[in-house]
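Undergrad: Based on the sequences and whatever the hints tell you, model everything.
4 protein chains.
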Amino acid sequence: QHARNHAGSARVDLRGIYPPIATPFTPQEDVDFRKLEENLHKYAEIPFRGLVVQGSNGEYPFLTEEERVEVVKAVRRSLPADKLLMAGSGCESTRATVQLTEKMAAAGADVVLVVTPCFYKGKMSSAALLQHFTKWADCSPVPVVLYSVPANTGLELPLDAVVQLSQHPNILGLKDSGGDITRMGLAVHRTQQQDFQVLAGSAGFLLGATASGAVGGVCALANVLGREVCELERLCAAGRWEEARALQHRLIEPNAAVTRGLGVPALKQAMEWFGLHGGTCRSPLQPLTQAETQQLRAAFSCNGWL
Amino acid sequence: QHARNHAGSARVDLRGIYPPIATPFTPQEDVDFRKLEENLHKYAEIPFRGLVVQGSNGEYPFLTEEERVEVVKAVRRSLPADKLLMAGSGCESTRATVQLTEKMAAAGADVVLVVTPCFYKGKMSSAALLQHFTKWADCSPVPVVLYSVPANTGLELPLDAVVQLSQHPNILGLKDSGGDITRMGLAVHRTQQQDFQVLAGSAGFLLGATASGAVGGVCALANVLGREVCELERLCAAGRWEEARALQHRLIEPNAAVTRGLGVPALKQAMEWFGLHGGTCRSPLQPLTQAETQQLRAAFSCNGWL
Amino acid sequence: QHARNHAGSARVDLRGIYPPIATPFTPQEDVDFRKLEENLHKYAEIPFRGLVVQGSNGEYPFLTEEERVEVVKAVRRSLPADKLLMAGSGCESTRATVQLTEKMAAAGADVVLVVTPCFYKGKMSSAALLQHFTKWADCSPVPVVLYSVPANTGLELPLDAVVQLSQHPNILGLKDSGGDITRMGLAVHRTQQQDFQVLAGSAGFLLGATASGAVGGVCALANVLGREVCELERLCAAGRWEEARALQHRLIEPNAAVTRGLGVPALKQAMEWFGLHGGTCRSPLQPLTQAETQQLRAAFSCNGWL
Amino acid sequence: QHARNHAGSARVDLRGIYPPIATPFTPQEDVDFRKLEENLHKYAEIPFRGLVVQGSNGEYPFLTEEERVEVVKAVRRSLPADKLLMAGSGCESTRATVQLTEKMAAAGADVVLVVTPCFYKGKMSSAALLQHFTKWADCSPVPVVLYSVPANTGLELPLDAVVQLSQHPNILGLKDSGGDITRMGLAVHRTQQQDFQVLAGSAGFLLGATASGAVGGVCALANVLGREVCELERLCAAGRWEEARALQHRLIEPNAAVTRGLGVPALKQAMEWFGLHGGTCRSPLQPLTQAETQQLRAAFSCNGWL
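Those protein sequence lines, which keep their order, are chains A, B, C and D. Quick note, the first sequence lines up with residues 1 to 306 if you use the working numbering. Quick note, the second sequence lines up with residues 1001 to 1306 if you use the working numbering. Quick note, the third sequence lines up with residues 2001 to 2306 if you use the working numbering. Quick note, the fourth sequence lines up with residues 3001 to 3306 if you use the working numbering.
Treat the hints as calculated values from the structure; they're not laboratory data. Built from N, CA and C at the ideal position, the CB exists for glycine as well.
Listed next, with one range per pair, are the computed distances between beta-carbon atoms:
1) Gln3194(D) x Gly2261(C): 32 to 40 Å
2) Arg3240(D) x Arg11(A): 23 to 31 Å
3) Thr1289(B) x Gln194(A): 24 to 32 Å
4) Arg297(A) x Glu1067(B): 44 to 52 Å
5) Glu1070(B) x Glu66(A): 18 to 26 Å
6) Asp1195(B) x Pro2080(C): 44 to 52 Å
7) Glu1038(B) x Lys121(A): 28 to 36 Å
8) Arg3234(D) x Gly2178(C): 46 to 54 Å
TA: Written out as structure tokens, the structure reads:
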């Protein structure tokens, strides 16, 4: 009964690592497209499967709709054809999500990623979310991926809804940033008939997620230590768990520092240390204090990365 | 050091009750301006101090920026001059909030109301919020009111930030929807030097808030039982606490049903029962199920309102 | 159908203020009965309605069953006959709660107070709590009061259970420490047929609670500023709300400091400043740091109490 | 500086699986020692590393101190000498914990397990917990294991405290029931100099935990599917991750049903289905409703276990 946008075509293979790229700004807080492009040139040398544009780390809630689309276009121009461009097109209302999805596809997105609406969190029942995501998947010209990120939204996409949505021909998988490995294992288990692909939403639990059946990860830390995160995924895929564990352990603290610990400002600061353009965030996100900068530095240095 | 937008002018008196009006939609989910106007005519007969446009109950996260401004213009055309038009202009970024505030003022808002940004809730420290709200108050052509609504945002505006912001000449007060009466009392106490006005964000604790020093309320239930909520405020202001208590008690359950219990869809359903246009919400907000409708009805009928 | 322990006898009138007394310890962490008695002599001069023994501020989870009973006996010996002795007898299991209640009654308690069991919080449904409290009320030789303190237990006694339990002839009322004034108003409203008495569980919201229909309070701060808390209750009962508000406002910060802010160690420190025996807590509760002591002092001094 | 209770002796090796055994009761809610012994005979045939007595699943908060010790003695009598007896001796106060630990050791415990105190959760700082656990480890005649179970206690033992405590010669490891794989990986990483052993507190994330460096698990589900949980641990230890994953996936739903889903009553019901004595819990824990029993059964049957 669903619109079969992609009947006959091969399923998109999501396996691998994706940095959810940051959005560089000028000192006037405008999008700095030149710096963005320079970052993309650096990323081109790393064996990423693709990029996520307009994830939480891209400060998408601070961008206008026009800016969101322009950034996707800019990435499309620089991205090699064999890399996937996954674009975030989530909005609070279903109609806005559908409209932005169409614009993102037209701008060159291969896949779109949609976060759970969250302002009316008390009313985002499974029924409401099913209707929202089904309508979106029905209308999207490109395949779609679900996105659950409770630390930002205060809301977890219920597993029953995930299982039901996994049957939609245009829904490829789930990016799960909650860090609950049991839930991720169960998501893989309960969707095993559907060729549904689960991506870990953080480098902190990439080994555990992969061991449990995830096919890759969208990892903020990959903006900074891209090669190392790809190496971790490669070791897991090759079943070299001892080496994987040693590498995973050294990534937990840097990852925590640039995500739940100190957030996007820390991610952008760390990018500067590793030769990428990070810079400041849009207000009201504040630059790190000196103490926070030291704390961030320690998370990298005490694990041998700086 | 602050821009003194209103130096010399009398402080706006916020005392009284404000319904945070709902936004009626057509069956195609477009804003229904005719129905909106008819609601406003009904409200004109009730002794409200004014209206809040684009509060949480107005489904503002589902409206485009253009729609948000158009709705304010439409309300301005219908609203008697002696009633305050308080418009919500909160956005996630500081720059968008400043820009929308200017448009809201140009569209006829007397006062603007700004919610805490919340997507990056882990980074919304007092410092970040102070900077955000100060910049906004500095730039706003009209006086401003802070807005804390943790049930939706997952974030409470810290009291220390409230106290510091209360010293800004362009910040009139705080709408507090959290329901923590101790916090509201302390907000009044710690800002007593500043002629800072606290508004209860719900009819459920209006008596307690008023007893603790709040000057009025922005109450979703006032969309439905407007006269009764005004009467409750009047009884409190007159020190007739016994009568106030009896009335307050009968309003708690209907209020809970249209707010945290069943949300905006219930508010709109109840409006229909009381001769106003409510109708459906934009997706993904779902209509009430039959069981929910009965539960809503019971909340009104068992307290003698239906 | 319930055991009518008190058929025919007049309902116990709970109106008024109760300090939930602290338990003084010797330097070896044994109960210091001499210091306890000296505190009771001081309290005898204050117009309390009674005392709560073995509330959260009495460190009851740190006392053995024998100690809990001994402390009640000691208080009974010192307490004037016209003051109520309300003793906490809550345990995790129903059978232990029933047994301790019998011992407390034999030791001289006029009323017993029972907290919600909480270790298996995920399984403490209304049904489980109804069974627990009904069995306890059935068996208790003295009238009983329910006790909900979510900050400690992580669990709120559901209002539906409160309403149903209010019909039990041996259940007098509810001590509610959650601070949700809307819930307290509704508890009063929905039990109005039952002569059910609600007590505020903190001095921070005593005015709001009383305005909403509570008959008094069990207030940690009354251990320190007993006369002032009684005065606040008197002003509320007399309908002198302006004066009440001014006094209430000055009590919020000291109250917060000795409860949710700095806890029992702060309560005991403040008692020392006001001529009572506080002393140290049992481990693992730690003494205040110097910074905490200053913070505590400021909460009293900036409101004119020190 | 610490009491070196075990200087010179080999470190106890915790590797393997432990069922946290349930406590069977008679219809009068007394401990049923005969049924307990029959369960132990069944468990003797399964390659467990040992048993945990008085964990959360043993309903220890419902037992008197005497009962807690008697149950340990009974287990000791039945347990083969090569199996570890790990006994829970956690109490709210430090002094009670120390005393019970001594009794548990005298009753035959090889190792004791202590949960975080939790009633005064707002005051259980790292400093307080460090002092509590250090005092306990100093005094314990047998080696000790830390226990963090936030679902019951509302409190997570902070990782910094874990790292510091790992240096104590009498502290062997940590049982972590929180399910946060990132935290468990970091606990292993940051204590790698200390031969500190981490045990997964649930079968739901055993594979992920083991992949991250945990040495085994204390798993409620092992009371029911003991062989299967041991097999999962064996597959992980042998690096056979594909087979491990397939088995892990089939255990997630049964595990969730007997732990966070339906709790101890469900664990005991499932034990009955698999030939063990479960029976009812002490009040206020309620028997399963019919609907819950069906839900429990489905969790086992849809994964091929019934």
